[in-house]
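Participant: The chain contents come next:
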Amino acid sequence: QKEVEQDPGPLSVPEGAIVSLNCTYSNSAFQYFMWYRQYSRKGPELLMYTYSSGNKEDGRFTAQVDKSSKYISLFIRDSQPSDSATYLCAMSDQAGTALIFGKGTTLSVSS
Amino acid sequence: GAVVSQHPSRVICKSGTSVKIECRSLDFQATTMFWYRQFPKQSLMLMATSNEGSKATYEQGVEKDKFLINHASLTLSTLTVTSAHPEDSSFYICSANTGGGEETQYFGPGTRLLVL
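Heads up: the protein sequence lines correspond to chains A and B, in order.
Under our numbering, read the first sequence as residues 11 to 121, first letter to last.
Under our numbering, read the second sequence as residues 318 to 433, first letter to last.
Okay, chain A solo, but in the shape it has when bound (with noise of 0.2 Å):
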């Protein structure tokens, strides 16, 4: 079993859907938590950061980490063809170490 699972997708929305991501994990001494997204050919780009459980939201984006769950989501809400992109869900165990990364999610919004 892997120490971290994502669906791959592809994932296809109509603009305006609300969307939802989400990954599993194993290790329950993750504490760090976070979501990248990353468009094709380019870095992966932080969007939220989630420390232990709990919600957070930033304009059209809300992550859930469940850690009782081992299970984190990320809702997009109303959707825009620009969200079209791979996203990444990552975590660790302690501050300053490596990110054990999740495969990523293809995301099509279409209009």
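Possibly wrong hints are sitting among the right ones.
[Unchecked claim] Simulated pairs of lysine-lysine, DSS-like, Cα-Cα distance not exceeding 27 Å:
id	chain 1	residue 1	chain 2	residue 2
1	B	K358	A	K80
2	B	K381	B	K337
3	B	K337	A	K52
4	B	K358	A	K12
5	A	K113	B	K358
6	A	K52	A	K113
7	B	K383	A	K113
8	A	K52	B	K383
9	A	K12	A	K80
Note that these hints are calculated values from the structure, not bench results.
We have chain A already, so just place chain B on it with the hints.
Facilitator: Structure of chain B alone, referenced to chain A:
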């Protein structure tokens, strides 16, 4: 957010030559930087952890003599691919940790290496 740059963004070289890739944190100091490689349609694979003033820590299966890492200052880490071969062609990305007890890593734009 913090800014991390990489240079060059793209490089084409002949088999057997060496290529140096620079990673810089532009507006913060990074005691730790990370080097990843990414193949098409795959996730990032950690190659090594670069610590300022000390030797890098390599992941299992990564040849330290082939991928030389030097973290000369708090804002610069370099990755040198020595005697490059076509199978080294990949997308190389660095990241830097902002520190301060937070686990926020910022990534560079990546370097695409093509070895002919």
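Participant: Against each hint, give a clear statement of whether it holds in the structure.
Facilitator: Do the hints match the structure? See the list:
{"no.": "1", "hint": "K358(B) with K80(A)", "in the structure": "25 Å, holds"}
{"no.": "2", "hint": "K381(B) with K337(B)", "in the structure": "14 Å, holds"}
{"no.": "3", "hint": "K337(B) with K52(A)", "in the structure": "19 Å, holds"}
{"no.": "4", "hint": "K358(B) with K12(A)", "in the structure": "18 Å, holds"}
{"no.": "5", "hint": "K113(A) with K358(B)", "in the structure": "9 Å, holds"}
{"no.": "6", "hint": "K52(A) with K113(A)", "in the structure": "16 Å, holds"}
{"no.": "7", "hint": "K383(B) with K113(A)", "in the structure": "26 Å, holds"}
{"no.": "8", "hint": "K52(A) with K383(B)", "in the structure": "25 Å, holds"}
{"no.": "9", "hint": "K12(A) with K80(A)", "in the structure": "13 Å, holds"}
In this structure, every one of the numbered hints holds.
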